[in-house]
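J.: Each chain, letter by letter, is given below.
There are 2 protein chains.
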Amino acid sequence: MKSSNVTIKDIAKLLSISPSTVSRALKDHPDISQTTKDQVNSLAKELNYRPNPIALSLRNRRSNVIGVVIPEIVHYFFSSVISGIEKVAGEHGYSVMVSQSDEKYEREKEVCTTFQHSIIDGILISISKETNDFAHLQKFEDEGIPIVFFDRMIEEFESDRVIINDYEGAFQATEYLIVEGRRRIVHFAGPKNRLISQNRLKGYLEAHKKNGVVIDESLVIYCDEFDKALIETQKIIDSGLKFDAIFTVNDFTAAGVLKTLQKNGIKVPTDVSVIGFGNDYIAEMIEPTLTTVSQPGFTMGERAMEMLINRIKNEKNDPIHTDVLPTKLVLRNSTKPR
Amino acid sequence: MKSSNVTIKDIAKLLSISPSTVSRALKDHPDISQTTKDQVNSLAKELNYRPNPIALSLRNRRSNVIGVVIPEIVHYFFSSVISGIEKVAGEHGYSVMVSQSDEKYEREKEVCTTFQHSIIDGILISISKETNDFAHLQKFEDEGIPIVFFDRMIEEFESDRVIINDYEGAFQATEYLIVEGRRRIVHFAGPKNRLISQNRLKGYLEAHKKNGVVIDESLVIYCDEFDKALIETQKIIDSGLKFDAIFTVNDFTAAGVLKTLQKNGIKVPTDVSVIGFGNDYIAEMIEPTLTTVSQPGFTMGERAMEMLINRIKNEKNDPIHTDVLPTKLVLRNSTKPR
DNA sequence: ATCGAGTGCGCAATCGATTGTAATTTTTTC
DNA sequence: GAAAAAATTACAATCGATTGCGCACTCGAT
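Which chain is which? The protein sequence lines are A and B, in order. Just so we're aligned: 293 in my numbering is position 293 of the first sequence, and the numbers increase by one with no gaps anywhere. Just so we're aligned: 257 in my numbering is position 257 of the second sequence, and the numbers increase by one with no gaps anywhere.
Careful: at least some of the hints might be erroneous.
Pairs involving identical chains hold if they fit within one copy or between any two copies, as the list cannot separate such chains.
[As the list claims (entries may be wrong)] 27 Å max Cα-Cα, derived DSS-like pairs, lysine-lysine:
{"no.": "1", "residue 1": "Lys139", "residue 2": "Lys9"}
{"no.": "2", "residue 1": "Lys9", "residue 2": "Lys328"}
{"no.": "3", "residue 1": "Lys263", "residue 2": "Lys13"}
{"no.": "4", "residue 1": "Lys109", "residue 2": "Lys202"}
{"no.": "5", "residue 1": "Lys139", "residue 2": "Lys13"}
{"no.": "6", "residue 1": "Lys45", "residue 2": "Lys109"}
{"no.": "7", "residue 1": "Lys45", "residue 2": "Lys139"}
{"no.": "8", "residue 1": "Lys129", "residue 2": "Lys263"}
{"no.": "9", "residue 1": "Lys104", "residue 2": "Lys328"}
{"no.": "10", "residue 1": "Lys27", "residue 2": "Lys37"}
{"no.": "11", "residue 1": "Lys9", "residue 2": "Lys192"}
{"no.": "12", "residue 1": "Lys267", "residue 2": "Lys336"}
{"no.": "13", "residue 1": "Lys129", "residue 2": "Lys45"}
{"no.": "14", "residue 1": "Lys209", "residue 2": "Lys328"}
{"no.": "15", "residue 1": "Lys336", "residue 2": "Lys210"}
{"no.": "16", "residue 1": "Lys109", "residue 2": "Lys209"}
{"no.": "17", "residue 1": "Lys235", "residue 2": "Lys129"}
Everything labelled a hint here was simulated from the structure, so no lab data went into it.
Use the sequences and the hints to build the structure in full.
T.: This is the structure in structure tokens:
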């Protein structure tokens with residue numbers, strides 16, 4: 001920031017009145033005469049006066065900035081969340097500060113510390129894969145800075161949340177495979193300590209039960225990255241494990257699965273059906289196109305920001321609230337058409 | 001931001017000294033006795049005192065926040081740039097505010113206006129596809145807020161820049177195809193008004209000249225999106241146009257090309273070689289894996305941020321500087337192995 | 001005993017905007 | 001025409017931190 005910016009004092013000096021009068025005139029305060037108001041307003045417009053946001057922040061003790069902590073920005077899902085956040089933030093005069101935790105607990109703590117001694121009015125966070133405690137978040141609570149979790153939350157930490165209906169999404173995907181006639185469905189699951197993975201796994205299991213399909217625990221494999229999927233898929237093929245479908249915890253993993261299946265001459269979806277999770281843009285680009293569970297990232301961002309704004313405005317009044325967003329199974333060519 | 005934060009006054013009151021003494025003690029000012037310094041420092045530590053960044057911003061007229069304007073965050077390249085920016089920013093005590101222009105000129109102007117009347121010490125920008133003038137940026141210049149362009153710049157606007165060697169990248173890719181024996185190389189080009197596309201096109205053309213290959217202007221097609229690539233590729237196939245390679249301006253377009261080629265039974269790389277640009281993560285996920293020109297996004301972010309910090313610190317002293325980052329051809333399976 | 005230098009610290013202004021209260025001017029009323 | 005009421009506007013404090021200037025005090029030197 002540099003000089004050359006018009007202040008309320010400049011206007012006051014030019015009109016030979018006091019800064020306080022200028023301030024009141026600009027806010028249409030009843031104490032100020034119409035004549036003065038007109039003078040002030042026209043001069044303010046002419047000089048393109050804007051109140052200095054920093055001065056306002058200092059006085060009002062609110063910065064109109066919110067902090068976003070996100071695991072990795074390079075994921076389509078997370079960047080769409082950010083877009084949703086930005087949209088709503090902009091509409092309400094908030095600016096957004098984004099920091100990545102890189103899925104690291106230590107980094108997440110650092111980022112939070114920076115935000116704490118900083119200027120944010122509220123925080124939106126999706127915790128890293130490594131995060132298991134919430135000491136670093138407690139401080140926000142203590143200082144009265146509202147927190148809203150999105151997508152990944154800490155169950156024990158009481159606060160507003162926007163999450164995906166992971167259970168339902170996984171249930172639908174699995175049930176679709178079962179209805180398709182699949183009986184030995186492999187699940188490439190996410191980290192055991194993440195609620196999100198637990199719920200997807202639960203949906204997977206429940207769909208089996210509801211449809212009277214026997215569950216084989218050996219079909220659940222913990223693998224949630226592209227590179228690892230290449231290896232794990234090859235392993236299960238080599239091991240002679242029998243399977244006729246694979247449901248993965250995200251689309252990158254599904255991409256790795258598809259690639260390895262095809263490399264081994266296994267036809268998708270003839271021999272094996274594959275369903276991913278996330279509806280990343282790769283889902284349309286890979287071959288065959290990927291049937292996947294769409295997560296409304298943009299909507300999630302919008303809702304999270306709305307909840308945060310509401311919490312900032314209404315302080316502690318409202319009870320804590322959790323928004324569960326519906327998923328949708330997007331059918332493409334990695335499953336048989338119905 | 002809420003209360004409960006320790007201020008310099010609180011410390012002063014507790015020690016029955018003046019705020020100014022506390023301030024000086026904390027900064028190890030020689031006027032203050034060691035005894036007082038020790039008292040202040042230990043109490044500050046105990047109370048976990050942090051200077052209020054907003055108060056500092058107001059006084060110093062610098063916020064230690066920099067603004068980033070980016071076309072679309074969902075692109076791997078841009079999100080890696082942001083990661084690089086964030087890394088260097090963090091190391092130097094800067095925070096980052098990110099806003100997207102969504103490739104729209106109007107939105108870009110809005111974002112810039114917000115930043116202008118805001119609190120940023122500098123701006124990093126990659127202009128939208130639609131942007132042709134720079135009135136909205138001139139204001140930053142006028143107010144002494146430094147600008148650094150990354151990836152996409154406005155030629156007429158004098159300022160620091162970090163760009164990719166688009167020409168060289170395109171040249172290498174094209175030459176590789178020529179050496180491979182390709183003679184009718186289609187180029188899916190980006191918008192004509194973008195320097196970046198012009199340079200890639202230039203590299204494509206120059207590689208032909210240098211290698212004595214005749215240029216057929218009908219092989220240059222303006223198409224830079226996945227969906228459009230599906231259509232355009234089908235068009236050139238149906239039109240009976242002869243070609244034996246396709247070089248695209250980005251990886252999404254290449255993905256569309258690959259998909260359509262395979263759909264039409266055209267073998268890659270046997271019949272047609274394909275090279276993309278960007279080294280997006282899809283390059284490894286699609287089938288066949290995509291040979292592409294890697295753009296060092298993370299490095300670009302780092303460099304841009306370093307240049308901006310340097311410019312903020314050294315004001316107008318240094319002459320304007322342009323950093324040209326090298327590209328690298330990443331060989332994968334959409335071209336013949338050498 | 002007094003002057004001068006040196007030490008340690010506080011006052012007050014500043015950054016830009018806001019707001020309770022006081023002060024001034026204008027208008028009204030008897 | 002003077003006092004009371006109403007209408008305007010100015011003063012000063014505030015948000016938190018910094019800093020030029022000056023004050024008070026100590027101590028050695030003359």
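J.: All the hints need checking, so say for each whether the structure fits it.
T.: Consistency of the hints with the structure:
1. Lys139 with Lys9: So Lys139 and Lys9 pass the 27 Å test across copies only (22 Å; inside, 38 Å).
2. Lys9 with Lys328: Neither. Shortest intra-copy (57 Å) and inter-copy (55 Å) distances fail the 27 Å Cα cut-off.
3. Lys263 with Lys13: Answer is neither: 77 Å inside a copy and 73 Å across each miss the 27 Å cutoff.
4. Lys109 with Lys202: Result: close neither inside a copy nor across copies, 30 Å intra and 47 Å inter.
5. Lys139 with Lys13: For Lys139 and Lys13, the Cα distance is within 27 Å only across copies (24 Å; inside one copy 44 Å).
6. Lys45 with Lys109: So Lys45 and Lys109 pass the 27 Å test across copies only (19 Å; inside, 44 Å).
7. Lys45 with Lys139: So Lys45 and Lys139 pass the 27 Å test across copies only (16 Å; inside, 42 Å).
8. Lys129 with Lys263: neither (31 Å within a copy, 39 Å between copies)
9. Lys104 with Lys328: Answer is neither; intra-copy 30 Å and inter-copy 30 Å both fail.
10. Lys27 with Lys37: This pair counts as within: shortest intra-copy Cα distance 9 Å, inter-copy 45 Å.
11. Lys9 with Lys192: Neither: 60 Å inside a chain and 48 Å across chains, both beyond 27 Å.
12. Lys267 with Lys336: Cα proximity of Lys267 and Lys336: in one copy and across copies (11 Å, 25 Å).
13. Lys129 with Lys45: For Lys129 and Lys45, neither the intra-copy (51 Å) nor the inter-copy (32 Å) Cα distance is at most 27 Å.
14. Lys209 with Lys328: within (21 Å within a copy, 52 Å between copies)
15. Lys336 with Lys210: within (22 Å within a copy, 50 Å between copies)
16. Lys109 with Lys209: Neither way: Lys109 and Lys209 sit 40 Å apart in one copy and 55 Å across, limit 27 Å.
17. Lys235 with Lys129: within (25 Å within a copy, 45 Å between copies)
Hints 2, 3, 4, 8, 9, 11, 13 and 16 from the earlier list are contradicted by this structure; the remaining hints agree with it.
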